[in-house]
Amino acid sequence: MTVLNSIVLQIFDASPGRWPWQVSIQTNNSHFCGGSLITDQWVLTAAHCIGSSQVHLGAYNLSQSNPNEEIRGIALSVVHLDYDRYTYNNDIALLKLSARVNFTDYIQPVCLASHNSTFHEGTHSWVTGFGDLGKLQIIHSTQTVEIPIIGNNKCSCYNQGFATITENMMCAGLDQGGKDSCQGDSGGPLVTYNSLVWVQGGVVSFGYGCAIPMKPGVYSRVSNYQEWIIINNGERSTLFHYLSQSPDRTGQILVRQTKLCPNINYVKAPEWVLSKIHKY
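Counted from 1, the sequence shown has number 129 at position 129 by the UniProt record's numbering; the numbering is strictly sequential.
Some clues are possibly wrong.
To be verified - In silico EDC-like cross-links for lysine to aspartate or glutamate, where the CA-CA straight-line distance does not exceed 20 Å:
#, residue 1, residue 2
1, K96, D175
2, K96, E70
3, K154, E167
4, K96, E121
5, K154, D175
6, K154, E121
7, K154, E70
Everything labelled a hint here was simulated from the structure, so no lab data went into it.
Please model the entire structure based on the sequences and the hints provided.
Written out as C-alpha cells, the structure is:
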C-alpha cells in the first residue's frame, strides 16, 4: 500500500503565490508531507504525517531561498482519535504553529468544505504538492494537476482486495490513470473552484501506486470533520457549503455560501482556471 502520497504526469509547475495555503511539512530540513493553512495558526494535514518538526509557508521552490517564505515550529499536533493506521480511516490531523502568521499574497488560508457538502463524480478538482513526479523524480517547486472526483461506489469497486473506501474518504483521478497524487504529497489539499473561492474537499491520504489505471488516489473527506476541526483548533475556520451538479461533466458548479472567505481578494484563481474547463 502506498501511503505517502506527488503529482505524477501531465502536471503544471505552479507560479509563486498561486496556491497560498499550500505548506511543506519538514523533518530535519527535508520535505516530508504537505498540508494546508486553514487559519493564521493552524494547518490541516494527514494523521500519518505527524512527527515532523517544522512548517514552511509561502514557499515556492524548496531548494532556493524565498523572500516570501515563513517558517514555524509545531507547538501542538492533534490526531483524530479514531485514526486507523491500517485502513487509513480518519486520516486527518491538525498542527498548531508556534506563532501566528501574517496573511500576504503568498500566505493565505483555504476555505474548508462544510458538513453535507457534495462532490459528485466528475467534479473538477486540483491537487497540489512538493512530492515526486513518478519514478522517484524529486522536485522542489509546487506542482499541480487537475483531476475529476470519482464516486465512492466506483472507487470501492476499483479498490476491492486492496482497501475499504469508507464514508470518511473520497477519491479522485482518471479511470485510465496518468494523473494522481503520490509520494511526498500526503496531507496536502484537494481543492475545487467556484466563481468566488477555492474550497478544500479532501486531504491526500493513500493510493495503490501512482497514476495506475482504475486505482484513483484516496483522500480524507474534509466535510465529515467540520465539528472535529472546530472543537480542536479553538478558532473559527472559514467553512463553505459545496454542492456540485450530478453528474458534473460540464464544469458547472452550484454553491450555497455560509461564510465568505476573509481577505477574499487575496484568494485568486489561476488564470488558466478562468478559461473554459476541458472535459474528460
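Results for each hint:
For the hint linking K96 to D175, the alpha-carbon distance of about 37 Å lies beyond 20 Å, and the restraint is violated. Simply put, K96 and E70 have alpha-carbon atoms about 15 Å apart, close enough for the 20 Å limit, and the pair holds. Distance restraint check for K154 and E167: the Cα-Cα separation of roughly 13 Å lies within the 20 Å cut-off, and the hinted pair is therefore satisfied. A C-alpha spacing of about 33 Å is found between K96 and E121, which places the hinted pair above 20 Å, so the restraint is violated.
As the CA atoms of K154 and D175 are separated by approximately 10 Å, the hinted pair is consistent with the 20 Å bound. Simply put, K154 and E121 have alpha-carbon atoms about 9 Å apart, close enough for the 20 Å limit, and the pair holds. Of the supplied pair hints, the one linking K154 and E70 is violated, its CA atoms being roughly 41 Å apart against a limit of 20 Å.
The structure does not agree with the numbered hints 1, 4, 7 stated previously, though it agrees with the rest.
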